[in-house]
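Protein chains in written order, with the working numbering: chain R, 1 to 318; chain Z, 1 to 662; chain V, 1 to 315.
No lab work stands behind these hints, which were simulated from the structure alone.
Hints are supplied without guarantee of correctness; some may be wrong.
Derived lysine to any residue pairs resembling SDA-like cross-links, with alpha carbons at most 20 Å apart [said to hold, decoys possible]:
| # | chain 1 | residue 1 | chain 2 | residue 2 |
| --- | --- | --- | --- | --- |
| 1 | Z | K56 | Z | L72 |
| 2 | V | K113 | Z | Y150 |
| 3 | Z | K633 | R | R204 |
| 4 | Z | K152 | V | S135 |
| 5 | Z | K633 | R | R275 |
| 6 | Z | K588 | V | V25 |
| 7 | Z | K152 | V | Q133 |
| 8 | V | K297 | R | H299 |
| 9 | V | K37 | Z | F116 |
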Amino acid sequence: MPNKPVQPASQVATQHEAHTLESIIAAVGQKILDKEGAIKTVIASLIAGGHVLLEDLPGLGKTTLATAVSQVFGMDFKRIQLTSDMMPSDVLGVSIYDAKSQTFSYHKGPIFTQFLLADELNRATPKTQSALLEAMAESQVSMDGQTHRLDPVFFVMATQNPIDEAGTYALPQSQLDRFLVSLSLGYPDQNNERQLYSADYLSRFDEPIAALSSPTQLLQWREQCRQVHASDEVLDYLQLLIHKTRNHSEIHQGLSPRAGLSLFRLAQSFAFMDRRDFITPADLQQAFFPVCRHRLVTHDGRLAAELIHNILDDTPVI
Amino acid sequence: MARIQSQLSMKQLFWITFAVVLAVLPQLYRLPIWFLPMALMVISYRFYAQINHIKKAWNTLLMFLALLVLVLIIFSQGLTLSREISVTILISMAVLKLLETYTMRDALLVVMLCYFVTMTRFLYSQDLLLIFYLLGSAFITTHALSVLNYEKSARWFDRQQIKSTAASLSLAVPFAILFFLVFPRLGSPIWGSPDFFGEGKTGISDTMSPGSIIELFMDDSPAFRVTFDDGVVPPNAQLYWRGPVLWHFDGRTWSRQKHNSLRQTMRQYGDAETIAYQIEQENTGQNYMFSLDYVTDSAGKGFLLPDSTLYSMTTINQLRHYELKSVLLERFYQDLSDHNRRLLLTYPANQNQRTLALIRQWQAEDPNPLAVVNRALQKFNQEDFYYSFTPPPLEGEVIDEFLFESRRGFCEHYASTFTIMMRMAGIPARVVTGYQGGIDNGEYLLVKQSDAHAWSEVYIEPAQGSGYWMRIDPTSMVAPERVESGSQNIMTEKRHWIDFEWLRDTKESLDKYRYQWNQWVRDFNVSKQEALFKAIGFEYRDGKTLALLMMAILLFTALLTLIPMWWLKRQRHHTLQRLYLQLVRTIKHNPALYDQHRKGIEHLTAEIIKTYPESEPRMQHFLALYLQARYSKQAPKKQQLLQHLQKTLNQIKPILQASKAP
Amino acid sequence: MTPRLFKDRLQRFFNRRGKERLPVVFDWRRIYVLPSKPGLFFASIWFLMMLAGLNFNNNMSLMLVFLLFGLAQVVLHKTFFNLRNLRLEQVKADPVFLGDAITLFLQVSADDKKWQIRTENDLTDDTTNITEQSSQLTTLMPSLHRGWQAVDRIKLMTRFPLGLFTCWVYCTPQDAVLVYPKPEDPCPPFPHHGGREGEQTTWVKGEEISSIRPYRHGDPIRDIAWKKSAQTEQTWVKEFKQTQGQYLSFDYAQMNLSNTELKLSRITAWVLAAELQQAEYQVLLPGFDSGMSVGEKHLHRCLKALALYQSGGAS
């Protein structure tokens with residue numbers, strides 16, 4: 001570089017974190033090949049303190065991704081396979097009468113963990129679904145008049161199978177709104193798929209990833225992430241994007257204010273990961289699709305993926 | 001625009017009616033008495049119909065109504081094809097049209113007629129205050145048009161829309177001014193005469209009876225304005241503005257003598273003795289012009305009658321300007337023919353015997369004419385005569401009654417009585433009417449109608465065949481202050497119920513603006529325009545030049561509005577945006593890349609780096625700084641940062657443009 | 001130049017841009033301006049006023065006259081700016097049957113506010129304001145032939161704010177609307193089996209109860225829903241889903257009508273009738289076999305094939 005650029009002060013402050021973040025992404029990327037975008041989104045969502053909805057066919061690496069992320073952050077990991085005969089107590093835990101002490105004692109369910117993988121969420125009955133989602137939203141479990149707080153870093157990655165719809169209960173729009181982002185990994189491309197079968201990859205596959213960060217640090221990051229600044233110009237752009245989803249002729253219902261807030265949080269997180277203490281329009285552009293993907297549907301109930309890109313294309317940033 | 005056939009909303013109706021009412025209002029005073037009730041009925045019925053959804057009445061009924069109104073107009077204004085009546089018909093039809101205004105088409109018609117109605121008002125008067133009417137009416141009418149065209153909101157007074165109308169009109173003002181100054185005028189009318197529209201006769205008339213000057217005294221409107229060439233206003237006592245001279249007295253009313261000759265001009269006076277002044281006279285609907293006693297010559301502005309009155313060749317129905325020279329003479333030498341002498345010695349026979357007896361008594365004591373004059377003046381001065389604008393009415397033999405009974409009167413009483421007394425004494429005398437005094441407001445001398453005055457002139461003949469006219473103002477014997485300080489200053493009572501000093505003062509100070517208004521607007525004509533053109537170094541001679549000039553002006557004025565609108569409408573970019581657009585322009589030669597610029601600088605930078613990998617370090621640097629400058633919370637040393645950005649951009653430009661060739 | 005020739009040339013001038021890909025931005029080069037009818041009336045009144053003012057050298061009248069002239073100038077510009085840089089984003093239309101009017105949805109947008117943007121033609125008119133980036137206008141277009149019918153030239157205009165001037169733009173988008181053949185009316189009976197005509201089709205009453213409705217005079221007693229009727233005061237009748245006993249196959253080749261359009265028209269009617277009855281059907285055209293199915297997707301596939309048969313019947 002002929003001219004050594006002046007390094008802006010704000011970038012220096014987060015350099016250490018960024019360095020760690022980059023290695024985290026790289027570490028997870030070792031397991032999930034060629035899905036850097038998805039990995040970044042998941043980690044951004046984790047830092048933003050929001051939950052992730054993965055919609056994919058089985059066998060595309062959802063579980064791998066989940067374990068990899070939980071390992072790299074050194075988080076407790078639990079997995080529940082949701083089925084239609086599952087009761088809310090199977091998730092949240094149950095109060096049992098203890099005859100000896102003549103009191104109810106609470107037996108914690110799998111939800112009391114740091115990283116929860118909720119497989120096939122749409123197989124659970126609406127009752128169980130809503131119990132789980134309520135707990136997610138409030139980060140606490142209320143039972144028999146007692147409140148039990150969840151872990152402060154509590155993070156849910158729920159999966160859904162979009163194709164096999166028999167015997168499933170589709171999540172209502174209001175419940176979907178509780179997930180910060182939704183994404184789909186999709187098939188890997190040919191080259192990467194080939195790598196999957198290489199001895200190198202397979203040998204790596206079963207090794208757990210060394211923790212590069214910790215839940216404590218994650219909490220710190222969350223705190224720092226909330227400080228990321230958004231200038232008026234950026235907020236204008238954010239509002240314009242939201243406005244466009246509401247006024248689009250083909251979209252059934254635009255983004256709610258809560259969804260707008262999600263967009264803002266995720267953009268903050270992306271900015272943070274990019275070692276910036278301010279949001280740029282590109283952060284919003286990056287955050288827009290995963291935030292809108294499960295929230296915007298067309299009038300006939302289809303996902304409006306194509307339209308989301310159109311909205312982005314139609315909203316110039318100059 | 002809504003469809004031409006669509007029905008009017010209440011709001012639209014309101015605005016149309018508003019426009020019509022405002023356009024008609026200032027002409028109400030001259031419309032027939034039945035007009036106001038008719039208009040009120042029409043408007044209330046129309047609103048009643050709108051509220052109750054009553055459909056439009058049959059056309060035959062409306063036609064009948066229109067005919068009825070037409071008959072009424074002819075009945076009250078006479079069956080002539082005058083313009084006066086045309087204007088009345090136009091106004092009545094505009095109001096009546098409201099009755100059948102149910103669709104957009106009719107509404108548009110009514111609204112545009114309002115512009116025309118507004119214009120007709122100015123044919124009667126072009127007073128300064130009417131500018132408010134012009135602007136107000138134009139605004140409301142335009143707004144009515146705007147509301148007809150599109151109702152931005154259901155609110156009756158939509159502030160946004162009103163603002164937009166106001167903006168349109170104010171943008172039109174520079175246009176109006178420019179066009180007003182440069183649009184070619186006609187030297188003389190193609191048809192008709194502009195004098196036709198007079199406000200009716202005002203000011204001094206050619207007859208005088210008791211009370212006629214008092215009427216004028218009540219009126220504060222300007223009669224004329226005088227500017228003295230050397231800037232020095234003569235003392236008030238010398239400001240006798242001569243108007244019609246009255247010769248004949250029928251026992252009550254004075255009237256003028258018809259002349260068939262002109263007075264000679266006075267050539268013997270040089271510039272030192274004369275006073276040069278310019279008069280701007282308001283329209284009177286009569287032919288009299290006013291001059292200081294005694295004017296040297298008519299200067300081609302009118303006829304100079306033998307009794308030194310200036311008489312215009314045409315009725316003064318527009319503002320009239322003239323320049324005069326006068327000599328302030330105590331004695332004006334002039335021959336008096338026997339015929340005229342006889343006329344000036346005539347008084348109603350067998351009337352006013354008591355006065356006659358008094359005169360005969362004075363003559364017996366001292367037959368010298370000047371002695372009689374002095375006796376008469378002494379009588380006014382020393383006996384209990386009063387100057388009053390509310391004198392008791394005089395009946396029968398007015399001279400006797402005034403001299404011996406009432407003894408309270410205004411200038412016309414004194415002038416009239418004194419003149420008859422002189423005639424009885426065998427001294428030729430006549431009444432001169434005009435104005436006396438004036439208010440010097442620094443720029444010019446304002447003479448108001450309330451300064452109207454009447455005085456006498458007696459012919460003294462020291463030697464046979466050589467006599468002179470001498471001005472005698474008997475009023476000055478009764479109330480010398482009247483002559484010295486003006487008519488109003490001597491009054492302790494109010495003339496009428498709205499007679500306040502501050503109001504008079506306001507009117508007087510307003511007159512300064514009116515004067516300017518007259519100079520620049522009312523009186524703007526071909527010659528002033530030519531002077532203006534000359535002043536800016538342009539003398540137009542033929543139609544071709546004129547046409548070119550007009551084209552140039554049109555173009556210029558179009559730009560005049562276009563530019564501010566363009567300015568307002570153009571997209572505004574701040575410095576950083578402009579910097580980005582600079583970058584965008586450098587890659588304009590690569591359309592695929594250029595298309596990406598709407599997605600923002602970060603996206604574009606990535607694309608540029610993909611296309612021109614050699615630009616990467618600088619582009620990255622530029623991007624980081626740019627984002628920092630534009631979006632971060634505190635941009636440190638902004639000016640410096642901007643300069644650095646510009647420098648970096650200048651380094652990037654050649655890299656991006658170098659790759660243009662392949 | 002004859003008027004006709006002149007008109008042709010004018011049209012060619014208007015259409016000189018040919019068909020365009022949307023979105024199209026209407027910049028100043030594309031905007032036409034003429035006084036509107038009320039504008040002409042305004043002009044004539046204005047002219048009279050000017051004559052009077054000039055003739056009598058009445059300066060205040062002239063002031064008003066020039067003020068109005070200035071106003072007209074300003075309004076001209078305002079009208080122009082109101083249309084300038086308007087974007088026609090896209091034109092959307094649902095397929096229609098030949099003979100029905102095509103409803104076009106015009107998506108218009110602009111960076112600033114636009115008022116009273118209007119489309120009008122012989123069939124309809126519509127007005128919109130663009131206050132929030134974009135808006136939609138609806139216009140109608142007659143359907144002329146089956147197959148892809150190109151969208152007509154679109155005229156967008158405005159007279160805002162005072163209606164004295166009309167500013168308009170023309171644009172002929174590349175888009176085309178699918179026009180299905182006109183269904184024969186009344187619908188002839190279905191062909192028997194292979195599609196031979198004139199024979200009665202047999203119907204079999206289905207077993208599945210599809211709904212329950214109030215009793216109507218003439219309903220068979222065995223259809224009465226006794227249980228339900230006992231619970232309420234009304235008498236209810238079970239409605240059975242009528243399922244076609246056999247498969248319906250509409251084969252173009254087996255129809256003995258003279259005219260292609262008539263054949264297509266009849267098949268269209270059949271397809272619609274079959275869809276209405278939820279009967280499975282198949283359309284066979286030379287080079288096209290829809291397969292046996294029922295449902296909206298299937299319907300549109302068949303209709304599209306019918307519409308585009310022999311490249312859309314365009315003349």
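**Asked** Does K56/Z pair with L72/Z here, judged by a C-alpha cut-off of 20 Å?
**Response** Roughly 24 Å between the alpha carbons, so the hint for K56/Z and L72/Z is violated.
**Message:** Run the distance test for K633/Z versus R275/R: straight-line Cα separation, threshold 20 Å.
**Reply:** holds, 14 Å
**Message:** Tell me if the straight-line CA distance from K633/Z to R204/R falls inside 20 Å.
**Reply:** violated, 44 Å
**Message:** What's the verdict on K588/Z and V25/V, does the C-alpha distance respect the 20 Å limit or exceed it?
**Reply:** Holds: K588/Z and V25/V sit about 18 Å apart, inside 20 Å.
**Hinted pair K152/Z and Q133/V, Cα distance within 20 Å** = holds, 17 Å
**Prompt:** Between K297/V and H299/R, does the CA-CA distance stay at or below 20 Å?
**Reply:** holds, 17 Å
**Prompt:** Can the restraint linking K113/V and Y150/Z be considered satisfied, given a maximum Cα separation of 20 Å?
**Reply:** holds, 15 Å
**Prompt:** Given the proposed pairing of K37/V with F116/Z, does the C-alpha separation stay at or below 20 Å?
**Reply:** holds, 18 Å
**Prompt:** Are K152/Z and S135/V close enough, with their CA atoms no more than 20 Å apart?
**Reply:** Holds - the C-alpha atoms of S135/V and K152/Z are around 16 Å apart, at most 20 Å.
Figure legend: structure checked against the earlier numbered hints; hints not met, in rising order: 1, 3.
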